[in-house]
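Student: Sequence:
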Amino acid sequence: MSKVLHGLDMFHIAELTEDTTTSVDYETPEPLLGAVNVNVQPNTESNTFYADNGAYAVLNSLGDIDVDVEVADLPFAMQKTIYGHTEENEVQFASKDDISIDLALGFRAKTSTGGYRFYWLLKGKAELIPIEHQTDEGNTTPQTAKIKLKFMPLQHNGRWKAQAESSEQLDAAKWFKDVVYKGDILTSTP
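Under the working numbering, think of the first position of the sequence shown as 54, with each following residue one higher.
If you are wondering where the hints come from, they were derived from the structure by calculation, not from laboratory data. The reader is advised that the hints may include incorrect statements.
Pairs of lysine-lysine, BS3-like flavour, derived with a Cα cap of 27 Å [unchecked claim]:
id: 1; residue 1: Lys56; residue 2: Lys133
id: 2; residue 1: Lys163; residue 2: Lys56
id: 3; residue 1: Lys199; residue 2: Lys178
id: 4; residue 1: Lys163; residue 2: Lys201
id: 5; residue 1: Lys178; residue 2: Lys214
id: 6; residue 1: Lys214; residue 2: Lys149
id: 7; residue 1: Lys163; residue 2: Lys133
id: 8; residue 1: Lys201; residue 2: Lys214
id: 9; residue 1: Lys163; residue 2: Lys203
id: 10; residue 1: Lys178; residue 2: Lys201
Please work from the sequences and hints to get the whole structure.
Tutor: Laid out in structure tokens, this is it:
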């Protein structure tokens, strides 16, 4: 039977602290509450190679991966973590010298068979978020935070995404702690 995906929840981010050809390391994932929408667009380029008087092969290459995330709110504490903002006397400041972190983004969607499909995008950087508000016009319209991110493959192993479906082998509560694969074994982050 085919599965149908629906719903979205459990956004998490984990700071990527090391990505070299020999090792990769993340901080403990943190929840980002209020998942509304996510859109992941891998940018690929296809070139058709012609031989024997016709199309012979199609060669694909992966570019960056555009990700749009919409959440109910992006709290100041999370903005400070993601964008490197500073804080003085309970006031948060953004500056031209802020350095955004490299991060992993995790989330899950429900399946029509009662389980979940889990995702981790393994290395990305967030663009600055716009400030957008609208006056109430007779009824209250929720205003969400929209975050644009660019993801890329890890230097460590070339992987850019991990995905799994809930099963007896997958501990759903542990999935968000298991960002990094080494071979066929999930390795927990600290």
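Student: Of all the hints given earlier, name the ones this structure violates by number, lowest first.
Tutor: Those not satisfied are hints 1, 6 and 7.
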